[in-house]
Amino acid sequence: MIEKLNLENISLAVGIIVILIGLWGLLTQKNLIKIVIGFALFDTGIHIVMVSIGYIKGRTAPILDSAVDVNNASQIVVDPIPQALVLTAIVIGLGITALMLSYVLKMYQKRKSLEINNYKDLKW
Amino acid sequence: MKEDFKKRTVISPDGKPIEIDPVKDYFSDAKPKVYKPAHPVIEKFANWARANSLWVLGFGTGCGAIEMRPLMTPRFDAYRYGIQWRPTPRQSSVFVISGYLSVKTLKRVVRTYEQMQNPKFVIALGSCTINGGMYWDSYNTINRLDHYLPVDVYVAGCMPRPESLLTGFEELKKIIKEGRGEGANKYAENFDWYKANQKKIIKDWDMPDYNW
Amino acid sequence: MVGPIYIIAIALGTAFFLGFFKKANRTFSFGLMLLAMAFMTFISAQWLYAFLTQNQETVQIFTAGFKPPFSISLQMGFHESIFLTIINVLGLFSAIYLFGHLRDKGVNMMMVFVVLFMGLNVVVMTRDLFNLFVFLEISTIAIIGLILLEKKEDAISSGFKYLIASGIISGLLLIGIIAVYYYSESLFINDIIASKLMYVKGGTIATFLILIALVLELKPFPANGWALDVYESAHPGVGAIVSSASATAGIFILFKLLPAFSDSAYYIIAVIGTLTFVGSNLLGIKQNKATRLLGYSSIGQIGLVMAVIGLTPYLGDKTMFIAFGLLLTHILAKAGLFWLAGIVKSKNIRDWAVIRRNPHLLVLMGTFVFALIGFPPFPSFFAKWELIMQLANSSGMVWLAFILLGSFIEGIYMFRWFGYAVKGENKDLPEFKIHWNKILPAILFAIGLYAFGYYSSTLTGIAGKFNYLPLLFIVFLYAIDFLPVYIKNTISIAGVGYYLYTIYPGLEEYRLVFGLIFLAGGMLTLLAGYAYKGKRQGFYPLTIMMFAGLLGLIEAKTTLEFFFAWELMTAGSYFLIIRGKKSMPHALSYILFSVGGAYLILAGFALAHIDQNTFSLDILSNVQYYAPVIFTLLAVGFMTKTASIGLHIWLPGAHAEAESDVSPMVSAILLKAGVFGLIILMLHMGFQSFGNVDIYYILAWIGAITAVMGNMMAAFQEDAKRLLAYSSIGFLGYTVFGLALMSHLGWLAAISLSVIHFMFKTLLFLAIGGVVWRVKTKEMYKMGGLIKKMPFTFISVLMGIIVISGVPPLTGFGGKWILYNAVLDKGWFFPAAAVFFAGIIAFLYCFRLIHTIFLGQLKDEHREVKEAPFWMLVPQYIILGVIMLFSALPNSLLKPIGEILLPYFPDGALEWQGQLAISAFGYWNGKLIMFIVVGIFVTVFAWLWYMNRNAQKVKQFNIGYSAERPSLPETTHFAYNFFAPYKKVLGFLVTPVISNFWDDVSEGIHAVADKIRRIYDGNAQNYALHIIMFVVVFYLIAFGGFYGI
Amino acid sequence: MEFSIKNIGYALLTIFIVLNYGLILQGIIRKIGARVGRRYGIRWYQPYIDIIKNYAKRSTITHGVMFYIAPVFRLSGGIGLLLFMPVIFGSEIFSNFSFAGDLVLVLYFQFFGILGMALGAAESGHPYSAIGVSRGLSQVTSFELPLTLGVIAIAMQYQTLNITEIVAAQQGGFLNWTVITNPFAAAAMLIAFLGAMGRSPFDVVLAPQEIPIGPPTEFHSGLLGVLQLNRAIFPVAKLILFMNLLFGGATNWFELIVKTFFIYMWSVFVGVVYPRFRVDQSVRWFLTVPLIIGIIAIILIRF
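Quick mapping for you: the protein sequence lines, in order, are chains A, E, X and W. Taking our numbering, the leading residue of the first sequence gets 1, the next gets one more, and so forth. Taking our numbering, the leading residue of the second sequence gets 1, the next gets one more, and so forth. Taking our numbering, the leading residue of the third sequence gets 1, the next gets one more, and so forth. Taking our numbering, the leading residue of the fourth sequence gets 1, the next gets one more, and so forth.
Be a bit skeptical, because a hint or two may be false.
[Claimed, not checked] List time: in silico BS3-like cross-link candidates among lysine-lysine, alpha-carbon distance up to 27 Å: (1) A/112 <-> A/57; (2) W/6 <-> E/174; (3) E/33 <-> X/788.
[Claimed, not checked] Residues from chain W shown here face chain X by an in silico Cβ test under 7 Å; the list is partial: (4) 49; (5) 52; (6) 108; (7) 255; (8) 283.
Simulated from the structure, these hints should not be mistaken for laboratory data. For glycine and all other residues, C-beta sits at the position ideal for the given N, C-alpha and C.
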C-alpha cells in the first residue's frame, strides 16, 4: 500500500479528485459563473492526470538545459509528449473557458440573470 | 307549409342565383284530358271488368268513415262483390266520400280525386254530401258535392248503414256497366266550371289547377 | 495536383487575412472567403477525381520533416477525399447560403466560418490522435462561436449547453487519449491500431473512453438534448452545418478509429446507433417545431449511419456503400431542409403551408423528405435495400426489425410535416422572400440527390435494367408544367399509350392482364382530364409517377426492381391523393400504411434472399428459410394496398377526398397493384402453413370478412365517394378470397373480378365524380332526382351497379358464378357464405347510390345543373362498351384468363363451347342469357310502351301524398340514414373498432414519445448529467458483458 | 342444347300456363285466407278481372323513364326466372332455357326484377316507395344468407349446380327428396322461402296503410297491370325453384300444381298465424335461427 503511494500516483489521485470536484460543480451549481469554474476545475484535473501519467519515476523535466545533457536526455527526462500535450490542452481549455465566460456575459446581458434555471426556454 | 310554396331564390352549386316557383316547378300544370271510350265491344267488356273490380279509396272526412270499415268484416264482406280497398288514389277507381266536407277537406278531396286515373267514380255517402244536411248553413262546410266533383252515386241517410253503402256499390256497378260512369270525362269537359266553384269556396288556392 | 496541406494553409491564411478587413468592404471579404472555400473544395474534389479515375495511391503528408510518431501526419486517401469533398462542398454552399448573414455579421463571423471548415478538414485528414482532438475542439469552438455571434437569445443559451456538453466530452476524449498514449506509446493512429490496445490490460478502458467520446460527439440518444436545442435555435444555415458537416466529420473519425477498437466495439456502436435511430425518431413524432424536428431527424439519421458502421460484421464489404448512401442522403437532404427552413421562416410545422406559395419550393421539400425516408430514386433507397438484404443474409433479424421500425417512425413526422406543407391552411401567414443565394444551394443539392441516386443505382446494378424512361418523362412533364391542361393531358396519354405499345409484345400471362389494367386503364382515366381547365399544376408529373411505378411492377424481374417500382408508385399515388380537398389526414394514413407495408415487403424480400445469390423474383419460389414468415410478411405488405380488413382505414378517406379523376386511378387501378403483388407471391411461394394452420385459409377468411365489412360500411355511408371507396374494400375482399382458394376457378374469379372491378369502379368513380363536379357536394342526401339533369351519367351508374351486384345478364354475374363453382370445388363454405352474403349486401349500397343521387326528389339548387362534363363521359362510355361486350361474350374475357392460369392450375379449368362455359358443377352461357333477357325485356317494354304511349308526364311533387302534397324536396327525399332498421340490427358490426385500434396505437406512441422527451428539460446541467450517465451505463454494459474483458 | 326458334313457342306456352295457374292460385289463396277470417272472400277469378280493369284504365301518368321501365324489369325478372328453370322434369318443351345457366343464374336472376322495381319505385319520388325499398332490400339481404347456405349444402350433396340433375337425383319416391335426405338445408331454405314470398310476418315492405303498399305506391293502370302479371308469375317461379330443389321437381303439370300448392300453403299457414315483424326484427330473426340451421346443414354435409 505504502509503496504505491508515490508521487505519480498521488498526483493521479489528486487529478481525479479535482476532476470529480469539477464535475460536481458543473452538475450541481446553479450559478453560471460557478459552473464555468466547475468546468475549469474539471479541465485542470484532466491536465494533472495527463501529466502524472507521463511521469517516470526519478526523472526530470524534459527541458534541455544545463541540468540535462542532450546526449542522454532520453534516459533522464520524463516522457516529453504528455507535457507537450498538456500545454496544448491548457491552451484549448483556456479557449473554451474564455468562450464560456463570453457566453455567460452575453446571457447576462440579455436576461440579467446568472441562474441556469432561467435558461430553459428550449426544451422537449 | 305555406311559405314553402312561395317563390324563392336559391344559390346553385355554381354560385348563380336561381328563381324557384314551387307551384310551377314542382307540379305539372297540364289540363285534364277527355278520354274517348274505345270501340263499344271492347268498352262493354272493359266496363264489365271495371264494375267487378271496384278498388275503393275511402275518404273519412266525416262521421261516415265508420260505416265503411264494416264492409271488410265477415258480416258484410264486400270482397265477394269485387270491392277491394286500395290505400292510394293512384290505384283506386272508386272514391267514397263519407260525409260532410269542410272547406279544408274539400281541398284534399279535390286533390285526391284528381290524382285518380280515368275512369274513376265517386260515391257520396250521407245526406251532408247532398245538401249539407244538418250543416247546411255552416260557415265552414260545403252543401252540394256535385258542384265540385262529378258524383256518380249518392247514398242518402244520416248515416247510411253499410247495407245502404253496398246498395250504392251495386247501383254504381249498374251505372258503369251501362257506360254512364263517365264522371272523369265530365269533370274534364266542365273543368272550368268545377274549378270556378271550387275556387269560390277555397280562398287560399295555392296549388296548380289540376293535381296530376 | 495541389497538396492537401494547402487546404489548411489557405483556410488559415484567409482567416488571418480577413482580420485586416475589419471595417472594410464586407462583400469583398465575403468574396475572399468564398474563394478560399471554393479552392478548398477544388483541392479535395481534385483528389477525389484522381482517386476515382487515375488509380491514385493514398498519400501521407508529414509535417515538420519528421516521420510519425514524431510528427503530425496527414493522410489523403480515397475515403478522406470523399469526406473532404462532401464537407467542403457543404461549406461552399453554406457560405453562399449564409451570404447575407455573414455580410451583416461581419468579418469575425467569416473568420470563424473558415476556421470551422479548416478544423473539419484536418479532423478528417489527420492521423494523429491528439491533433484530432485539437482540431475537433477547434471546430467545436468555431461552431459555438458562430452561434454566439448571432446574438440571438435562445441561440446563446443553447450554445452554452453545447459548450458544457462538449467540454465534458472533450474531457473524456482527452483522458482517453492520454491513456491510449500511456499504453501504446504513440499518438500515430496507425501505431495505435497496430498495437492492438484492447488486448493490453488497461488498454481496453483507454479505447473505451475514446470510443464513447467519439460516439458522444455524434449525439447519441438520449444524451443529446443540447444538440436539439442548438438545432432548434441556431440559424438554419448553421444548423445545416452542424447536422451535415460536423456529423460527417464525426462519422469519419469513428470510421477512422474503428480498427483500433475490439470487435465488440462494433456491437456497442451498433446498439447505440440503433437506439439513437429509433429513440430519436420516436421522440420526434411529438415535435411541431420545424427546426427541432429536423434536429431529431438529424440525430436519428446519424444514429442510423452509426448503426451501419457498427453492423460492419453483418454487412461485410457492403458497409461502405450503405453508409455512404445513407450519409450522403442525410447530408444533402438535411442541409436542404434546414436551408428551406431558413427561407420559409415558419417555426411551427403547421405554418409550413406557406411554402406552397412557391410550388417549386414544395417540390424541393418533397424531394428532401422522400429522400430522407428512403424512397427511390434516392441513394438512401438503395442503401437501405442493401442494408436490409445484408442484415437478413447474416441473420441480423433484430437489427433489421429495429431499423425498419425507426424508419417508419421517422416517416410519421416527416410526412405529417410535408402534409401540412402541401395541404395546411395557408392564409394569414407571413410572406417570405426568396434570395437566389438561399435557393440555389438547395436546388443544387436536390439535383445532387437525384444524381447520386442514379449513381447508386448503377452500383447496385439495376441501372442498366431498370427503365428510366418514365422517370425522364416525369421530368419532362414537370418542365412543361406551365402549359394548359389539354396539351399536357394529350402528351401524357400519348406517353402512356406509346409505352403500352412498346411493352405490349413483351407482356405475357397475368402481367399482360395487369399491364392492360394499369396502362390502358390509365389512358382511359386520363381522358377525363380534358374536363379540367387551366393548368392543373403538378398533376401530370405525379400521375405519371404513379403509372411509372405501376408499369415498373409489371416489368420487374428482380425483387429490387419490384420494390423500386412499388415505392415509386406509392410516392406518386400519395401525391395524387393529397391533392384532394380535405385529404391531408387521409394522405398521411395512406402513406404510413404504405410505408409500413413496404417495409414488410422489404423484410420479406430480404428474408427470401437469404442464401440466394440473385435478386430475381424467382427466389421466392426457392425460399430457403422462414417460408411461412416471408409469405406472411409479403402478404400483409401487399394487403395494405388491397386494403384488407385491419389495414383498410386509410382507404375511404383517401379515395373519397381525391379529385374526380384521381379517385378512379387510385381506386380502380392502384389497388390492383396489391392484387398483382399477391398473385406474384402466391404463384412463387405456393402453399404455406404455420404448423397445421393453412395460411390460405386465414387469407380466405380475411378476404371474406373484408368483403362483408367493406360492403356493410358502404351501405351506411352518406358520402357517395366514401361509399364507393368502401365498396372497393369489399370487392377487393372477394379478390383476396378468390386468390386464397388457390384453384383454377378461384384465380379465374379473382383475376376476372379484378378486371371487372377496374371497369365498374372507374365507371362509377368517374360518374359520381362528374356529379360531384356539378353539384359540389358528396353527401348523397343533398342530391336527388338528378336523372333528369344527368341522364348519361345515370346510365353509367345504372350499368355500374348492375355489374357490382352481379345480376345477370351483365358481366358481374360471371364472377359470381365462377366463385360459386370455385367454392364448391374447394369446400371452404363458411368464408364463402360470408362472401356471398357480402355480395347481397352490395345491393344495399348499390341501390342507395343510385336512388339517393339520381332518383327521388330533385333539389331546388340543382334545378339548373348540367350533365357531367363531356370528357368525363367519354371514358365512361368506352368502358360501358367493353362491359357490354364482356357481358355478351364472356369468353372473350374469361377464356384468355383461363388459358393464362392453365400452366399454374391445370385442374378444374372451365370447358368452353362457344360462349357456353361448363364447370364440374354447372354451366353458364352468357351470350344466350343476354339474348334471352334482352329479348324478354324488349318485348315487355314494347308492349307496355304501346299500351301507355299517351301517358301524361308529371313533375316531381305530383305524387299521391295522403291527400296532402310535399312541401320541400328536402323533406320528401328519403335518403339520410337510408337503411336505419338494418343499422339498428347490424350496426354494431360497423363500429369503427379498427380505426379506434389504430387511433389508440397512434395515441399510445405519441403519449410514450411525449413522456420520454420530457427528459430534455432544457437544463444544461441535466444534459451534462445525461452524458455522464450515458457513459456510466455503457461502461457497465461494456465491461459487464462483452467488451474486451 | 342450342337455342332455336321453337324455344320461343315453348316459352310462350310455359308463360301462358304459369300465368293462369298463378292467377288462379292467387285467387284461391286469397279465398283461403278469407275463409280463415270467416269471410267468403273474393271470387277465385277476381285477379283476372283486376288485371283487365287495370289495363282498361284510360289514363296514365309517368314520373320518368325509370318509372316506366320498372314494371318491365319486374316482369322480365319474373319471366326470366321461370324460363331459366326446368319447369317439368324430363320434358324438353318445359325445360325452356334452362340450358343457358344453372342454379347460380337462377339465384341471381331473382334480383333482376327486385333491382329494377326498386329503381322505378324510387324514380316516382315518393318517400314511401323509398322506405319500402329500404325495408325490402334489408329483408332480402338477411334471408339470403340462410338460403345461400342451404343452396351450397344442396349443391354439395348432389355435387352439381345443374337444377335438372338435382331434380334427377331426387327421383324415385319421396324418400329421395332433399327435404328428407338433407333436412337441415331444406329447413334453412324453407325459412328463407318465407322471406322470399313476402307474406306475413315478413310483409312490412308492403304495409298498406303505413306506407301505402310501399314501393309500388305510385304505380297504376297498365303499369300496375304489368306488376300484377308478375305477381302471378314470379311466386310460381319461386315455388317451382323450391320444388325442384327440395321436393323432387315435377314430371307433369299435375304434380307441379299439387306440389307448388302445398309449398305455397306453408307460407300461407305461417302468414295467417303470425303477425307482422318490423324490419329490424325480421333481419335479426333471419340472422339467428335460420342461419344456425344453415350452418348445421353445412357442417353435416362437410363432415
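> If you check each hint against the structure, which ones fail?
Replying inline: 1, 2, 4, 5, 7
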